[in-house]
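Protein chains: 2
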Amino acid sequence: MNAYISRSSATRRRLECKVGEDVGLKMNPSSFSSRNEANSSQDTPDPLLPDFPKGPLSVYREKTSFNWRELALFLDGEDIIHFKNKIFSALESDPLFAQHSGKDLSLEQYRELTFLQIKRIFEYDFLTEDEMLEQPLKIRALLNCLGMYDWSLGAKHILNAQVFTGAVQNTGSERHSKFVKQIKSMEIFGSFALTEISHGSNTKAIRTTAHYDATTKEFIINSPDFEAAKFWVGNMGKTATHAVVYAQLYTPDGQCHGLHSFVVQIRDPKTLLSMPGVMVGDMGKKLGLNGIDNGFAMFHKVRIPQENLLNRTGDVSSLGVYITPFKDPKLRFGASLGALSTGRVLITGMAVVNVSLAVSIAIRFSATRRQFGPTDDEEIPVLEYQMQQWRLIPYLAAAYALDHFAKTLFMNLIELQIGLVMRDKSARQAELGREIHALSSASKPLASWTAQQGAQECREACGGHGYLAMNRLGDIRNDNDPNCTYEGDNNVLLQQTSNYLLNWVTLKHEGHEPIESPVGSVNFLEDYNSILGLKFTATTVEDCMDSAVALAAYKWLVCYLLKESCLKLKQEKENGSSEFDARNNSQVYYCRSLSLAFIELTVLERYHDHVEDSSTPSSLRPVLKNLCALYGLWSLNKHMSVLYQGGYCQGERAGKIVQGSILELCAKLKNDAVALVDVIAPPDFILNSPIAKADGELYKNLWTAVLQGNKVLERPSWWAEFCSKKPTVGILRSRM
Amino acid sequence: MNAYISRSSATRRRLECKVGEDVGLKMNPSSFSSRNEANSSQDTPDPLLPDFPKGPLSVYREKTSFNWRELALFLDGEDIIHFKNKIFSALESDPLFAQHSGKDLSLEQYRELTFLQIKRIFEYDFLTEDEMLEQPLKIRALLNCLGMYDWSLGAKHILNAQVFTGAVQNTGSERHSKFVKQIKSMEIFGSFALTEISHGSNTKAIRTTAHYDATTKEFIINSPDFEAAKFWVGNMGKTATHAVVYAQLYTPDGQCHGLHSFVVQIRDPKTLLSMPGVMVGDMGKKLGLNGIDNGFAMFHKVRIPQENLLNRTGDVSSLGVYITPFKDPKLRFGASLGALSTGRVLITGMAVVNVSLAVSIAIRFSATRRQFGPTDDEEIPVLEYQMQQWRLIPYLAAAYALDHFAKTLFMNLIELQIGLVMRDKSARQAELGREIHALSSASKPLASWTAQQGAQECREACGGHGYLAMNRLGDIRNDNDPNCTYEGDNNVLLQQTSNYLLNWVTLKHEGHEPIESPVGSVNFLEDYNSILGLKFTATTVEDCMDSAVALAAYKWLVCYLLKESCLKLKQEKENGSSEFDARNNSQVYYCRSLSLAFIELTVLERYHDHVEDSSTPSSLRPVLKNLCALYGLWSLNKHMSVLYQGGYCQGERAGKIVQGSILELCAKLKNDAVALVDVIAPPDFILNSPIAKADGELYKNLWTAVLQGNKVLERPSWWAEFCSKKPTVGILRSRM
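Protein sequence lines, in the order shown, are assigned to chains A and B.
Counting from 1, position 648 in the first sequence corresponds to residue 648 in full-length UniProt numbering; the numbering is continuous, with no gaps.
Counting from 1, position 81 in the second sequence corresponds to residue 81 in full-length UniProt numbering; the numbering is continuous, with no gaps.
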């Protein structure tokens with residue numbers, strides 16, 4: 001994430017200027033004016049967004065209410081589309097990237113393949129530093145393109161090129177630039193080692209130690225016992241030569257100065273054998289992401305040079321005296337808050353890619369799979385069933401709304417990073433860090449869970465064919481799963497967001513200035529009391545076609561949950577609970593719901609504003625409005641009981657209108673669903689699912705793929721076990 | 001399922017007698033009276049239910065409110081416990097069953113291993129036909145024990161020994177007994193081929209044909225094209241020699257008589273090579289259950305003897321005349337309804353095993369994993385957090401309630417099967433078939449979804465360690481997944497249940513006799529109108545500790561949804577929808593919710609009655625009551641918005657009481673959770689999860705297991721790819 005950050009004010013101006021442009025995503029309307037006509041295929045092929053092959057999906061494509069090219073251009077712009085195309089076609093043309101999903105690679109083979117692909121990525125060097133500076137959104141595009149191909153590749157790349165490097169740059173100083181240089185030429189390979197076998201969420205309790213030895217000017221890195229072994233470290237299993245290791249820093253006077261990070265060499269780059277005193281190994285098979293080698297390490301008094309301490313927040317003099325710009329260790333710990341958001345912001349986007357891939361597969365399948373019909377002779381596409389629409393189309397809407405959020409949050413982060421690089425000490429910069437921390441701490445849970453549930457629903461909605469590995473829904477689900485866990489367990493993370501919101505209320509009570517945050521996500525709380533007095537006023541399904549209805553309900557919901565959470569905390573304390581217990585007993589149904597409702601509101605609000613923005617082409621607005629309204633109501637519907645409980649809704653009608661509107665919006669979007677997928681789905685080679693190719697030839701593609709399997713029609717090698725060695729029934733009964 | 005069915009009235013009496021006993025699960029209280037004291041370990045070791053090793057879990061075991069042995073005996077009885085122990089210890093002592101989960105077996109290796117294990121099961125012959133007759137619950141126990149070890153093994157065994165065999169016995173006649181005999185000695189190996197690549201749920205649209213050739217007295221089995229290839233057939237990929245094949249039967253006069261089943265030989269048992277004209281192969285890797293070889297088959301005018309038609313519901317004379325006892329083809333199709341329930345009843349139980357395994361792992365983990373605490377120095381088990389309790393303990397309650405339901409439904413099925421064997425033509429028998437069909441069509445979805453969501457929650461609740469394959473939560477989730485799909489897609493199946501309920505209402509309107517079904521699940525509908533007039537009356541959390549509160553709410557909920565579904569269907573028809581459209585547009589929020597609410601009610605009601613039954617030991621009643629109340633409220637809470645919408649609940653208090661009660665019950669059960677797991681978890685060897693061993697030595701066991709992996713500490717075989725062959729950054733940029 002940090003490679004694009006250099007330290008001149010010229011760069012800063014350049015970046016700030018780009019940020020403004022990118023967030024707004026303004027584009028020259030003339031760039032698609034020639035494509036603004038009907039949906040029929042064009043006479044001259046479009047090299048940027050080529051026509052889809054004719055086939056069973058054409059029926060739906062012809063029914064579409066909008067021009068898919070116009071939407072694609074509106075979302076990404078020519079530059080990014082061109083950039084993505086370049087990456088996709090490089091992968092497709094290169095035999096090293098021949099698809100293997102659904103194949104039966106061993107762990108060793110998969111890891112070797114992923115490593116070779118990583119090397120090849122160095123050779124392609126898709127994105128230079130200058131290009132990153134020019135257009136930061138390309139960082140996101142590159143990661144997502146690699147991930148659409150295979151998250152093992154995307155994640156392994158980012159762990160080395162961004163996470164390790166970012167940690168060195170963010171927490172180190174000039175003296176560490178050699179490591180960054182070595183990473184860039186692949187002289188060394190990096191990993192990031194925070195988690196231990198017995199500590200994950202509670203990072204402060206990490207037990208690895210780093211004692212300073214003033215006589216040799218070295219730190220001695222040590223794992224007190226195996227329960228303090230570093231664990232789950234990506235790239236550490238087989239490939240990393242270096243790790244950023246978090247350890248408790250001790251000065252010779254015996255004082256502990258808390259958690260600091262150190263660059264530790266764990267393997268010899270010439271041999272990949274482990275360094276003396278380092279016991280490093282592989283954790284074995286995981287539920288997914290098996291192209292990445294997650295590993296563990298135990299350090300037996302391993303000595304590293306003094307300068308390997310990443311010294312941004314604290315340093316040790318050669319004589320062993322601790323020096324820090326922070327007087328309060330808590331402040332030092334909190335100083336890295338902004339940087340910690342990077343992972344969560346990226347994961348938010350990664351999860352959105354997963355729900356997009358899954359829903360693309362399931363919708364193309366559903367548009368071509370026929371089952372039952374009004375008569376015995378006529379079968380209809382399963383997408384025509386209300387049930388199937390209801391199962392899938394909301395996830396399509398979620399993919400669109402969340403992608404917009406992930407993109408804008410990414411640009412917020414870029415703004416924050418620029419401030420960090422510029423050593424901006426303003427109150428706004430600090431507040432921006434807090435706001436992004438709060439947003440990303442809830443958007444990662446929301447996006448990863450939406451992708452988890454979406455991938456599962458898509459798997460089930462494709463029936464048995466969804467259970468076939470080659471159709472990829474399993475890999476999508478399995479590779480998405482860790483998004484719920486790493487960079488903070490979802491449920492634990494959500495507490496960060498509710499704490500942020502509760503803090504605003506406290507400040508307000510203390511009579512501080514109006515509630516106003518750098519990117520404005522909490523500004524509505526200024527109207528807290530008046531919002532709490534509002535009611536659900538929609539009386540027809542037609543009313544609810546406007547996402548303003550869901551938006552208003554969400555604002556009430558967040559205010560109500562905020563009020564209830566405050567009360568609950570107060571009650572707990574009045575009943576004698578400690579601060580610790582009061583917090584813990586106010587999560588379920590209170591703070592946890594609050595954080596989720598708040599982030600759903602923020603996602604909805606940003607998407608609503610985007611759709612309603614005057615720069616949004618009027619030709620696209622109807623379909624985008626439907627997506628926005630559907631996402632809003634579908635999300636809101638999960639909170640209906642609270643809306644009733646708190647009195648925002650009353651009577652039978654409210655619930656029925658919301659439900660009826662969700663179904664109505666699904667029906668409205670049904671004929672647009674295939675084209676909406678066409679806009680977000682990568683090319684067939686990358687999507688890599690026989691049941692979801694763009695030509696819609698479901699069974700031909702599936703059948704072909706099945707027959708290309710290994711030894712499909714052969715008898716098993718162990719056939720004699722059946723044919724000649726028959727069991728004697730019951731011969732072993734006596735053994736029992 | 002049918003091996004235990006023979007046709008003498010002596011057998012019938014014997015079975016009926018057992019059914020009564022087994023359903024009631026009465027037991028001699030004296031059998032555990034000696035164990036009825038405190039929870040401390042005994043002086044003389046109990047060979048049936050040995051003590052657990054001392055360790056970190058002891059703290060919780062000592063806090064337990066009940067005697068775990070007493071509960072284990074109450075649930076299963078000595079006989080079944082002894083039977084399970086026998087199976088478990090046979091597997092543990094046999095090197096062929098050494099655990100491989102988390103290991104990196106290739107598809108070919110896994111299948112070979114599973115097949116060898118199947119052979120070994122023949123040799124153990126755990127359950128003879130006589131023993132099945134004696135105690136039908138042992139059939140269930142055997143399947144579940146094999147599944148707890150590995151569902152690939154359990155499912156492969158049952159596909160051959162029960163599904164193929166059952167189909168031959170249920171739909172065939174005496175002339176087919178040779179096949180059963182050959183299966184039992186493993187001369188042949190069976191599979192069941194209904195689904196085609198383009199047809200699953202809509203079985204009537206199956207397109208494989210069977211033309212009768214009177215000149216040779218043969219049927220010609222043919223796949224008209226590849227879209228009619230049999231697909232997804234378990235055991236067909238590599239091992240089956242025979243398949244029960246469903247095909248449209250044509251007589252020489254050109255008339256089609258609809259779907260019939262035929263025994264078709266697909267491979268030569270002497271060579272395992274495919275038979276002439278049969279193109280049979282393997283579908284490749286799936287998301288789970290990879291020990292089973294799912295396959296496909298295309299038939300190119302394959303001739304089979306006339307007598308291979310399974311002729312229970314229709315036959316063809318040697319001259320080619322079709323003969324059937326059913327005049328109406330619809331009735332013929334419906335006649336097999338009862339038999340179709342078998343799969344769903346068994347899957348209900350299989351899914352319960354999965355949620356039990358998952359929650360056993362997650363609770364033992366949570367009782368030993370410590371993270372954060374009231375002070376920086378003191379970390380507490382994560383099970384102490386309300387959030388973790390709320391995430392896990394309801395699934396523990398679900399495992400208990402659903403297991404009781406699965407067991408009683410299984411016994412209902414046995415009663416039905418006895419009637420089928422006895423050719424019982426009574427109205428009660430027919431009605432019992434319909435009721436079990438309706439119950440199993442909803443209990444399969446409920447149980448499989450509960451297990452799916454439970455396994456996912458447990459995976460996440462164990463954090464990163466839950467993502468490590470060796471800890472088994474991935475296999476549990478992946479192997480459970482097809483339970484949502486096969487034997488009827490969950491959402492499609494649910495329509496069967498709502499149709500059944502709607503039919504009762506129609507009958508009632510037509511002035512028929514009182515609503516009374518053979519096992520009584522719909523009897524409460526007799527009070528339909530008065531139930532609809534009731535309200536939520538609980539006013540305190542204390543009130544809700546009684547599961548009667550949730551039970552009453554559920555009865556109202558089902559009546560309300562039934563009323564609403566009737567209205568919605570009527571409205572759709574009044575608005576001009578066809579019958580087909582009206583049904584389809586009344587599923588979401590109406591019929592689908594109705595079916596789920598109904599089955600949740602039935603599960604809750606049976607568990608409530610069981611807990612309140614006078615035969616339930618008073619020493620166990622408190623903990624069982626808590627489980628029952630928690631399952632009821634936790635399930636009910638998902639419907640709170642409907643309870644408000646329909647006016648059953650009003651005001652803020654109702655919602656808060658329900659939520660508060662769920663948390664209160666979780667807190668009450670927290671200290672019993674480990675012992676409740678001890679009752680349902682299989683031995684360590686079978687549970688096979690290092691983070692969940694009975695000794696609770698979480699990290700020691702995990703660390704040991706990680707180090708036992710293959711080449712854990714070695715550098716990768718392809719190390720030179722890093723060490724000597726360095727990439728040249730950007731060398732391929734020109735290629736793009």
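You may find that some hints are simply not true.
Listed below are the simulated DSSO-like cross-link pairs for lysine-lysine, each with C-alpha atoms no more than 27 Å apart in a straight line [stated by the list, open to error]: (1) Lys184(B) <-> Lys726(A); (2) Lys700(B) <-> Lys638(A); (3) Lys668(A) <-> Lys711(A); (4) Lys700(A) <-> Lys204(B); (5) Lys54(B) <-> Lys700(B); (6) Lys184(A) <-> Lys726(B); (7) Lys217(A) <-> Lys54(A); (8) Lys181(B) <-> Lys726(A); (9) Lys204(B) <-> Lys573(B); (10) Lys301(A) <-> Lys204(B); (11) Lys535(B) <-> Lys656(B); (12) Lys178(A) <-> Lys570(B); (13) Lys656(B) <-> Lys573(A).
Since the hints were derived computationally from the structure, they do not count as laboratory data.
The hints, checked one at a time:
Simply put, lysine 184(B) and lysine 726(A) have alpha-carbon atoms about 11 Å apart, close enough for the 27 Å limit, and the pair holds. For the hint pairing lysine 700(B) with lysine 638(A), the CA-to-CA distance comes to about 42 Å; that exceeds 27 Å, so the pair is violated. Taking the CA atoms of lysine 668(A) and lysine 711(A), the gap is near 46 Å; set against the 27 Å cutoff, the hint is violated. As the CA atoms of lysine 700(A) and lysine 204(B) are separated by approximately 22 Å, the hinted pair is consistent with the 27 Å bound.
Simply put, lysine 54(B) and lysine 700(B) have alpha-carbon atoms about 14 Å apart, close enough for the 27 Å limit, and the pair holds. For the hint pairing lysine 184(A) with lysine 726(B), the CA-to-CA distance comes to about 11 Å; that is within 27 Å, so the pair holds. Only pairs whose Cα atoms come within 27 Å are accepted, and lysine 217(A) paired with lysine 54(A) is rejected, the gap being roughly 70 Å. A distance of roughly 14 Å separates the Cα atoms of lysine 181(B) and lysine 726(A); the hinted pair therefore holds under the 27 Å criterion.
For the given pair, lysine 204(B) sits about 25 Å from lysine 573(B) by alpha-carbon distance, which is consistent with the 27 Å threshold. Our distance criterion of 27 Å between C-alpha atoms is broken by lysine 301(A) and lysine 204(B), whose separation comes to about 71 Å. Annotation: proposed proximity of lysine 535(B) to lysine 656(B) holds, straight-line Cα distance about 16 Å (limit 27 Å). Between lysine 178(A) and lysine 570(B), the direct Cα distance comes to roughly 75 Å. Violation of the 27 Å bound is thereby established for this hinted pair.
This hinted pair checks out: lysine 656(B) and lysine 573(A) have alpha carbons roughly 19 Å apart, not beyond 27 Å.
Of the numbered hints listed earlier, those contradicted by the structure are 2, 3, 7, 10, 12.
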